[in-house]
Amino acid sequence: MDLYNVPLVGDSPGIDVRIRKLTKNYVDFVLSNIDLSVANSLRRVMIAEVPTMAIDMVEFYQNSSVLADEFIAHRLGMIPLTSEKAKDFKYTRDCSCTQNCHLCSVEMTLHVKCTEDQTLSVTSKDLISSNPDVVPVLEDGQDKGILIAKLNKGQELKLFCVVKKGIAKEHAKWSPCAAVEFDYDPYNKLRHTNYWYEKDKQKEWPLSKNAVEETPEDSSQPYDYNATVKHTVGSLSPETIVTQATKILQDKLEEVQISLENDSKPAMNNSFEEENEYFKESYF
Amino acid sequence: MDYDFRTLDRQNRAINPTDSFEYPALQKLGAPHIDSFNRIWEESGRNRPPLIDLAVKDLGKYTIFDRKEEFTGFEHGNKLTYWIEDVQLNRPTAIGKENAKSLLVYPAECREGISTYKGKLTCKFCWQINDKEVHTELRSLGSLPIMVKSNRCNLYGMGPADLIKHHEEAEEFGGYFVVNGGEKVVRMLIAPKRNHVSAIKRPSYANRGPGFTMFATQIRCVREDQTSCTSTLHYLNTGNLMFRFAWYKQEYLVPAILVLKALCDSSDKEIFENLVQTDINDTFLKDQVELLLRSLKSYNANNKYQALKYLGSKFRVVMNLSEDVTDAQVGEHLIKKVVMVHLDSWKDKFNMLIFMIRKLYSLVANEIQPDNPDSMQNQELYLPGFLYLGIIKEKLNDILAGVRGVLNIELRLRPASVNFANADFFPKLLKKVNTDVGQKAQYFLATGNLVSKTGLDMQQTSGFCVVAEKLNFMRYLSHFQCVHRGSFFAELKTTAVRKLLPESWGFMCPVHTPDGAPCGLLNHLAHKCEVTTFTERTNDLERALSDFGVSLGIPSPQLAIDEMKKNNSKDSKIKSRTQYLSVQIDGKIVGFCSDKQSRMIANTLRTMRCKANNPRNQSSYYIPPTLEIGLVPKMNGGQYPGLYLFSNPARFTRPVKNIAENSIEYVSPFEQIYLEIACLNEDIRPGVTQYQEILPTHILSSVANLTPFCDFNQSPRNMYQCQMAKQTMGTPAQSLHHRADNKLYWLQTGQTPIVRPVLHDSFGVDGYPNGTNAVVAVLSYTGYDMEDAMILNKSAHERGFGYGSIYKTEVFDLTDEKSGTSEPTCHFMLGTDVQSDSVREKLDLDGLPFVGTPLVEGDPIIAFFDSVRQKTIIKKYKGEPGYVDTVRLVGSESLSATSSELQTVQITYRIPRSPVIGDKFSSRHGQKGVCSMKYPAIDLPFTESGMQPDVIINPHAFPSRMTIGMFVESLAGKSGALFGMAQDATPFQFDETNTAVDFFGEQLRAAGYNYYGNEPMYSGVTGKEMKADIYIGLVYYQRLRHMVNDKYQVRTVGPVDPLTHQPIKGRKRGGGIRLGEMERDSLLAHGTSYILQDRLMNCSDYSKAYVCRACGSMLAPISLPSTNLVYLDSDNEGDESPRNKSELEKTRNAERELLTAAATNAALSTANSSLGGKVGMDILCKNCKKSDITLVAIPYVLKYLATELASMNIKLNLLVK
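Those protein sequence lines, which keep their order, are chains F and Y.
The letter at position 150 of the first sequence is residue 150 when you use full-length UniProt numbering, and the numbering goes up by one with no holes.
The letter at position 53 of the second sequence is residue 53 when you use full-length UniProt numbering, and the numbering goes up by one with no holes.
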């Protein structure tokens, strides 16, 4: 096989993407004519390597709530923020600023004090962002936001957050998607697995919903088939995740290709490694 | 079967607490503790005085004479009679709380203020001179610790709303004491059943003296005030019987026949008739009785008076009564205090002793079996309140005796000063006696040690109290249900006492006992087992019995003779004679009835008892609903027959269903073994079965009940779970902010389990979550899950799985620093002498840290100014990184107006403990494991629906342990999660026809999942489907408190022992772990010599030593400054040339000086350099006077050994080549 001409996603005329369903935070698509490993790579990248924005640092000025500082900080970190513009931000570590700046981060503040007898809920809606592109995700106008803490009369919460760009490989809070469903070969024609059953396989094992894509077991068919479905948490739209993931995957494969070329030509300098410090650690 | 999580209900109740408790079952858990304590101060039964009054009455009056002759009327001078009356315990109030809103003190204040929750104890001292007018004086007896939520507690009667206001748990159930800020529980202990004669066959009894045999009968008699006195009747092979009792921890033996005579003015014939009764054909019995009566002759005690006088003369010194008492009165006093103390009437005492003797003869004749003291049938409880009263009573007695002691000293030393007529005399006398009962009680609670002169009829003197640790809710719960067998039995070599006997069915939990040393000795009550605390009224019962035909007189031999005659005349052949059973109520013989009659009576009583629970019951007799109706029918070689009725407090009792009446009835262990109690419907045998268990889960304790599907597990696993539930990092309390415990573990992400038994709800465990629902896949993946390790999903961990904190509290008490003066010399503040910014950043001007400050080791934590040294002293933080959570300013308990300055501060640190590799987790099925890896989510296997496990465990954890319950929980959890419902996991709900797998399998199938809970999974790394499908579901996981951060021990080199230079012990001090012989052996066997060298030498006591090549000595080489080298060398060389004596002397002196100089020098390093040829010290053998010396690496202990051997005149030579 020609190592230097591996068909990349999008390049290959064979790869076929068919979207079965697309909603605000759900996409269901079928990939065909693709290698299993590439499909799985796409899954992995979607889970762990599509950058989003999340609160990364919290400074507390006042916290008289019953929850501890680090507890609230952790809760804040888990709040999904709209990250469509994440790709325009730099990673803080790559940014030329000393601490953080508007190029690599967004600042948020929260100041709530309960003055009434009733318990006051502090939600993600109370977070005030310095950048309108990066705000807590709200489903719709009815959404009350995500509960952060509850305050009793006289309790106060005042804090300052720094939102940074990151990927889920570093911390799960940067994950753009909730779950990625994945299925191939619903009739187990390839015999990759054995369905264990007590009495009756048909009765005990439900049929996958992707079974409609294939015919029940008759003759072994040569073509490979993948279905990937994913749910997002709202920070990115599903289509963005998929396209971005594809792009990242392409970049990575490109990198592999370049480094292979470099290996075969040892004279060439491999200075790109320093430039892409981060990808050196990646799994590929 | 499925039910709701009731989240909104709980939330609503938390926001708007009401006045009624939501979990009555929880409130009941502390009942034995609180009720028994309440009985001391309020009525002990219907229309009965409080126990404290009975106890005080039992103390009696003390009499003393001044031995002065001027006043006539009494033989020994003036008579002073004094006693205690009217002991009162007040609710806890503060002293000197002028500015406080209320004078009442609440437990939370004591917890936070490191003080004791106690109330003033007062009594009236009464005295009388020459039997004339009575004087009284009210005196304080100190402050007595009060049980939380008892009737003397300020929280008494409060509901959740008020409890929350007073910083308590909403569902606080009390039952403990707050002593020095800590919560102490008095343990319930197993006691021999009171007022019941038990037969004992113990080989060690034969060694008690000449004639003693292994046979005895024993009775633990309990007075009305719940103090007890045990007496034993020994059978001697001379035919004599010895009555043994203890008086002030001293044992005494008295011939039983003497006691019999002293009890009743009865002739020998009467005694004979009483003892033989209708057993006229029993020659053994008749012979024994004859021997017994004959033995009386030697004491010359032919009637009651003579017997009492004889006893009195022997016990006069021991009883220590006043001078005017006659011998007969001393004897009377002895009988009153020692013999059958549960009975007032001497006739009853006599009858009971007769019964005891008859039972002993039966045992000797091998007609009956000895009673098993380890069986619950013959057991009851020492209840905390009753024990507490015992201590108070004894201390009161000590005061009374103390007064006499002080007076006697006065009479001896200053007889003139003793003047009873003086009104001030007795109060002054009282002042010389320590009357602080409260302090003694506090000592008891704080240490658990019983300091007692009488021993309180207990077998142990320590271990009575334990700290009610709030490690988590279940740990806390179980403290109140825990019953200990007694520390005496812990040392016993035999394991018989630890056995689980069928008699404990329904009363003690068969599952909930620790493994290891306390196994079987530390048990827990079944959750429906109740303990009686009321003294019941039994006169109706007596009336009922006599109405049922129980004859009052004893069945005399004449009765038997008459019956025989009648039978003979009728010429019937083998008509069995009527057997007469004794009928007893609480150890009092109320009469006799025939065997046949007894069954009828017992059955009637049972029906009446059952109806007693019914409020519409119109019976003319009052039968206590908890009455124990123990009918032991006549049988061959069984227990001694009789109808034994018990109504007394401190008995176990539990509800069962009476099938005929279809209502709840309480049964107790003594009767239970003779009852037919069916468990399930199919167990009912028509006509035979009388009772049925209400629910099969009633046999389990509260904690054991919370194991889901525990009926599917191998039984030891449930025991392990009971242990582990108690070591879980959970939610210790809701009032976390108002607690100042030394150490509290808190789980941040606690969840309610999806799969839970019914009792989870009735105990309100949802308020105190103990773990997290985790997606668990059972597969062998990456090898990191080998040997009970578990793989944690890194993303799950990042989202907060198992995140916990430790709250540690440190107390800073400046009064410790104070040097004796009354004015404080230290003041919390940051003095101007501290300018460092790093300190000023962390501490405020008042010397206290800011709340929320992150801390690492060495940070300043608190500052105070010492006005003596004129210096600010800063305390440093020790330990892991954490935060300042709370700073509490603690006022002093005895606040005087002058020194109200703050002297005590508590700081609570919050130490975050995120799960790390090496932390311990477990499911609720005794399946514990250590986290071995936090695996990235993308590399973990996933299902078709995109689920990734939070936890991966190895399938090998199951076959040998057989925790099927965990599989079922996984199934149930999965379907519960899919349908959003709570799953009922109460044990014994499924059976062979209706299996759990079917039930949950159907649910899963309905949700579109595999029937058996399996799912195909894909490798996260390659995306390829795995060869086998994987069992995956939801299991509730607990994080255990054992964490590597508290345990890891690592060192290369570090602190060493000064003598051996080997590493010291102890993790805290940075010591090492012993690499012992066996470890060494295995390293040898592996041939890993470098590791050996490294462990035993380099990392241990590696050292270098000089060895003389010539003589091989390690001790002879000394180092000398090289300047002297020439001189000494010449000395060596010029050995042949004789020197004059003085020169030699000089050399020696110089050498000696040099030696000491060398020793004081930091020798080796400089010496080393000299060996390297540099200027400095030089090495020389003191022995050979040569410098043919080499440096070798040796373990330092070798040098030590050489020195030790040298001290024994043994030389150690090393051959150096």
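Among the clues, some could well be false.
Claimed, not checked - Mimicking DSSO-like on lysine-lysine, the simulated pairs with C-alpha atoms at most 27 angstroms apart in a straight line are: (1) Y:K249 x Y:K611; (2) F:K209 x Y:K1027; (3) Y:K57 x Y:K165; (4) Y:K1024 x F:K252; (5) Y:K1027 x F:K199; (6) Y:K269 x Y:K249; (7) Y:K314 x Y:K453; (8) Y:K124 x F:K189; (9) F:K201 x Y:K1199; (10) Y:K1199 x Y:K1211; (11) Y:K347 x F:K113; (12) Y:K1182 x F:K203.
Claimed, not checked - Non-contacting residues of chain Y with respect to chain F, defined by C-beta distances greater than 10 angstroms in every case (computed): (13) L471; (14) Q748; (15) T1203.
Said to hold, decoys possible - From chain F, some residues computed to sit far from chain Y (all C-beta separations above 10 angstroms): (16) I19; (17) F29; (18) S32; (19) L36; (20) D69; (21) H102; (22) K158; (23) E181; (24) H192; (25) K203.
Because the hints were derived from the structure by calculation, they are not lab data.
Beta carbons are placed, not taken as given, at the ideal position from N, Cα and C, and that holds for glycine.
Hint check: K124 (chain Y) vs K189 (chain F), CA-CA at most 27 angstroms. Holds or violated? violated, 95 angstroms
Does K611 (chain Y) sit within 27 angstroms of K249 (chain Y), going by the straight-line distance between their CA atoms? violated, 45 angstroms
S32 (chain F) clear of chain Y by more than 10 angstroms, beta carbon to beta carbon? Per Cβ check, S32 (chain F) is outside 10 angstroms of chain Y; nearest 15 angstroms; holds.
Grab the minimum beta-carbon distance between L36 (chain F) and chain Y and tell me whether it stays above 10 angstroms. It is violated; L36 (chain F) is separated from chain Y by about 5 angstroms at its closest Cβ, not greater than 10 angstroms.
Restraint status (C-alpha distance of K1182 (chain Y) to K203 (chain F) at most 27 angstroms): violated, 95 angstroms
27 angstroms Cα cutoff - pair K1024 (chain Y), K252 (chain F): It holds: about 21 angstroms lies between the C-alpha atoms, which stays within 27 angstroms.
Hint check: K201 (chain F) vs K1199 (chain Y), CA-CA at most 27 angstroms. Holds or violated? violated, 76 angstroms
For the pair supplied as a hint, K347 (chain Y) and K113 (chain F), is the alpha-carbon distance within the 27 angstroms limit? violated, 79 angstroms
Looking at H192 (chain F) again, its CB stays over 10 angstroms from all of chain Y? violated, 4 angstroms
Pairwise hint evaluation, K453 (chain Y) against K314 (chain Y), where the allowed Cα distance is 27 angstroms at most: holds, 21 angstroms
Check the hint pairing K209 (chain F) with K1027 (chain Y) against an upper bound of 27 angstroms on the C-alpha distance. holds, 21 angstroms
Compute the least Cβ-Cβ separation between L471 (chain Y) and chain F, then decide whether it is above 10 angstroms. Label holds. Min Cβ-Cβ 20 angstroms, cutoff 10 angstroms.
Of the numbered hints stated above, those contradicted by the structure are hints 1, 3, 6, 8, 9, 11, 12, 14, 19, 20, 23, 24 and 25, listed in ascending order.
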